[in-house]
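Trainee: Below, each chain spelled out in residue letters.
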Amino acid sequence: MWDYTEKVLELFYNPKNQGTIDALDEPGTAVVFGEVGSIACGDALRLHLKIDIAADRILDARFQTFGCTSAIASSSALTELIKGLTLDEALRVTNREIAEFLGGLPEAKMHCSVMGQEALEAAIYKYRGIELEAHDEDEGTLVCSCFGISENRIRRVIIENNLTEVEQVTSYVKAGGGCGSCLVGIEDILASVQQEKAATSKRLQTELATASQRPLTPIQKINRIQQVLDEVRPMLMADGGDVELYDVNGDVVQVILKGACGSCASSTATLKGAIETRLKEEVLPSLVVEAV
Amino acid sequence: MTVIYLDNNATTCIDPEVLQAMLPYLTQFYGNPSSMHSFGGQVGKAVQQARAQVAALLGAEDTEIVFTSCGTEGNNAAIRAALAAQPDRRHIITTAVEHPAILNVCKQLEKQGYSVTYLSVDSQGQIELMELEAALTGNTALVTTMYANNETGVIFPVEQIGLRAKDVGALFHVDAVQAVGKVPIDLKSSSIDLLTLSGHKLHAPKGIGALYIRRGVRFRPLLLGGHQERGRRAGTENVPGLIALGKAAELARLHLPQVKQEKQLRDRLEQGLLRTIADTQVNGHPTLRLPNTTNIGFKYIEGEAILLSLNQYGICASSGSACTSGSLEPSHVLRAMGLPYTILHGSIRFSLSRFTTEAEVDQVLAVMPGIVERLRALSPFNSDQADWLQDRQAAMAVAP
Ligand SMILES: Cc1ncc(COP(=O)(O)O)c(C=O)c1O
Ligand code: FES
Chain A
1 MWDYTEKVLE
11 LFYNPKNQGT
21 IDALDEPGTA
31 VVFGEVGSIA
41 CGDALRLHLK
51 IDIAADRILD
61 ARFQTFGCTS
71 AIASSSALTE
81 LIKGLTLDEA
91 LRVTNREIAE
101 FLGGLPEAKM
111 HCSVMGQEAL
121 EAAIYKYRGI
131 ELEAHDEDEG
141 TLVCSCFGIS
151 ENRIRRVIIE
161 NNLTEVEQVT
171 SYVKAGGGCG
181 SCLVGIEDIL
191 ASVQQEKAAT
201 SKRLQTELAT
211 ASQRPLTPIQ
221 KINRIQQVLD
231 EVRPMLMADG
241 GDVELYDVNG
251 DVVQVILKGA
261 CGSCASSTAT
271 LKGAIETRLK
281 EEVLPSLVVE
291 AV
Chain B
293 MTVIYLDNNA
303 TTCIDPEVLQ
313 AMLPYLTQFY
323 GNPSSMHSFG
333 GQVGKAVQQA
343 RAQVAALLGA
353 EDTEIVFTSC
363 GTEGNNAAIR
373 AALAAQPDRR
383 HIITTAVEHP
393 AILNVCKQLE
403 KQGYSVTYLS
413 VDSQGQIELM
423 ELEAALTGNT
433 ALVTTMYANN
443 ETGVIFPVEQ
453 IGLRAKDVGA
463 LFHVDAVQAV
473 GKVPIDLKSS
483 SIDLLTLSGH
493 KLHAPKGIGA
503 LYIRRGVRFR
513 PLLLGGHQER
523 GRRAGTENVP
533 GLIALGKAAE
543 LARLHLPQVK
553 QEKQLRDRLE
563 QGLLRTIADT
573 QVNGHPTLRL
583 PNTTNIGFKY
593 IEGEAILLSL
603 NQYGICASSG
613 SACTSGSLEP
623 SHVLRAMGLP
633 YTILHGSIRF
643 SLSRFTTEAE
653 VDQVLAVMPG
663 IVERLRALSP
673 FNSDQADWLQ
683 DRQAAMAVAP
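Chains A and B are the protein sequences, given in the same order.
Residue numbers 1 to 292, in our numbering, belong to the letters of the first sequence in order.
Residue numbers 293 to 692, in our numbering, belong to the letters of the second sequence in order.
Derived by calculation from the structure, the hints in this document are not laboratory data.
Here the structure is a predicted model, which is why all the values come from computation and not from measurement.
All C-beta atoms, glycine included, are put in the ideal place defined by N, C-alpha and C.
Do not take every clue at face value.
Said to hold, decoys possible - Residues of chain B placed beyond 10 Å of chain A at every Cβ, according to the derived structure: (1) Met293; (2) Gln312; (3) Gly323; (4) Asn324; (5) Gly332; (6) His391; (7) Leu424; (8) Val551; (9) Thr634; (10) Pro672.
To be verified - Pairwise CB distance ranges (calculated): (11) B:Glu425 to A:Lys7: 55 to 65 Å; (12) B:Gln400 to A:Gln195: 28 to 38 Å; (13) B:Arg510 to A:Asp188: 42 to 52 Å.
Same shape as in the complex, but just chain A (with noise of 0.2 Å):
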């Protein structure tokens, strides 16, 4: 028996925005929805939206879901976390959102949230005209062949989630969850990600020690920026995008994203959200980042 929260069983119990939203000829608005999962992983969820065309902002949200019962709690929670805001906003969304809107979810039931967070971000790339495919993580190479997960995509919520065990992953995305053979593999992401991750805070740690002795000159901010960039580079190339370091204006940061990233207007409001935190965290907390 799952030990589901209060929130969960109330939403699955009498869940708010079922159903589909029609597609009438309301001027200035458009319907739009997005789809993950299928009837073969054994939960699916279509997502509907209806978008305030000028101000970019969702203006009613509706659920159908195939699945258990914290995928439709989840499917739910996410309809009513999402109305309301501008499509930057809804994208910024992540699974623990929907997760803490729930009180809480099982890990082993994590996935149910992920598959909310996927769903909005399909139905929004749908709506900007952005091929699902020349973006979605699921490029990159296949690491689990049972449920079609990416290295990428693997990679993307153990950094979301701070996860450190195999077993959490396959609660969160499912890749390990069936023939098992590419658990391996999984351990080797996990490894390779907290790697990165004790080299940076390592790094940090000495930089700060020595920062916070003299305020930063220009030319060591202009440095320091560019360090954090090179190390989110990869992670970039990994998606098929880049950064480039363009300008220092005070604590105004130029950058110019590239690729395939580059040409969504999407991606580069996450994007842009991301590396801001990170310079705010490794360099200097006043630092805004602009794209150009």
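Given the coordinates of chain A, assemble chain B with the ligands onto it according to the supplied hints.
Mentor: Coordinates of chain B with the ligands only, in the frame set by chain A:
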């Protein structure tokens, strides 16, 4: 809320008479049956009686019964014993739909150099005797199959299997955990060499089971130690447990003639559900099936969501869906049957007992249509004609 317990293949309630029989052995009769004093000796006598009761249910001799701690132990012990008795033979035949207590032992043995044949089943969960015949060789040490499947209730032609095993001199073990007490078994005139049963599936408590070992079959014990169970299972006996199992076996034997009433209720449930709910089907053979089990696939919805909805009404059942298996894959049994995914993920097993009433069955029949309708209204899938099913191949489960 009163509980409607339709999950008797998972475990059963202790029959009140069984509880009465075992209680004194948890209180005043605590002696060790192996002791020399009469305080222990009287317990020893009770153990003998319990052994006779189990033997009577199976048509076996008392000395052919060894008490174990559970069905899992019985299965492990039987397989290891059969292999140890024929060290020159290195091949095992089993089926793709066995309980993990068989499958995982076989997988381990494969690592140790044994070769294992996993017989396939058809869409009704039945094996093909020709496939068995083709697999048997002079190198086959053991054929081990279940008597009846725990998920679908499908009954295998065990006597036919055993006769074919005999032809090549292989031993034949049967995991009868689900069958004992539900179908008549007479081992006197049988081709079965070893047979496993478990107490908690027939109204005895958990943690007690028995292994039948045909007289003359060479046996090597799994547990070594004292001389209990004539050296075939060391360890001081679980006296209250085996007294309970004895009583439960006796009650099961007396109840066997009334099993058809259980079957009538099962049929009432099954037919009622199929009649009132569209897009449903029974998983498993229509007739070669335990009288208490029905496994029904409800298309386009997911099993765990059905179970939780039933739970609201106090109804206990189980599902073979991925979300309930703890393994992210739907049931290996239903997959081995090659059922479409629409069925796989929405399969629910109801398993009755002699304590199930008509009113309980009718309550399930009353709430189930509403539950299915609600979940189907939430689902994006609703028809077999949809695009996502056009690729039939991709929609069918194929067991690894
Ligand atoms: C067919 C079958 N074999 C073996 C077992 C295991 O029995 P036990 O739980 O007593 O170990 C079960 C119980 O689920 C079963 O259904
Ligand atoms: S390849 Fe990942 S579980 Fe099979």
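Trainee: For each hint, tell me whether it holds in the structure or not.
Mentor: Do the hints match the structure? See the list:
Non-interface status of B:Met293 relative to chain A is upheld: no Cβ of that chain comes within 10 Å, the nearest being about 15 Å off. With a closest Cβ-Cβ approach of about 30 Å to chain A, B:Gln312 is found to remain outside the 10 Å limit, as its non-interface label requires. For B:Gly323, the condition that its CB be more than 10 Å from all CB atoms of chain A holds, with the nearest at approximately 40 Å. Under the 10 Å C-beta cut-off, the non-interface status given to B:Asn324 relative to chain A holds; the minimum distance is some 38 Å.
For B:Gly332, the condition that its CB be more than 10 Å from all CB atoms of chain A holds, with the nearest at approximately 42 Å. Remark: the non-interface label on B:His391 is consistent with the geometry, its nearest Cβ contact in chain A lying 19 Å away (cut-off 10 Å). Even its closest Cβ contact with chain A, about 26 Å, leaves B:Leu424 beyond 10 Å, as expected for a residue assigned away from the interface. Listed as a non-interface residue, B:Val551 keeps its Cβ farther than 10 Å from every Cβ of chain A; the least gap is roughly 30 Å.
Here B:Thr634 does not stay apart from chain A, with its beta-carbon only about 6 Å from theirs, under the 10 Å limit. For B:Pro672, the requirement that its beta carbon stay farther than 10 Å from each beta carbon of chain A is not met, with the minimum near 4 Å. Hint check: B:Glu425 to A:Lys7, Cβ distance near 57 Å, so the stated range 55 to 65 Å holds. Hint check: B:Gln400 to A:Gln195, Cβ distance near 34 Å, so the stated range 28 to 38 Å holds.
In this structure the hint that B:Arg510 and A:Asp188 lie 42 to 52 Å apart at CB holds, the actual value being about 48 Å.
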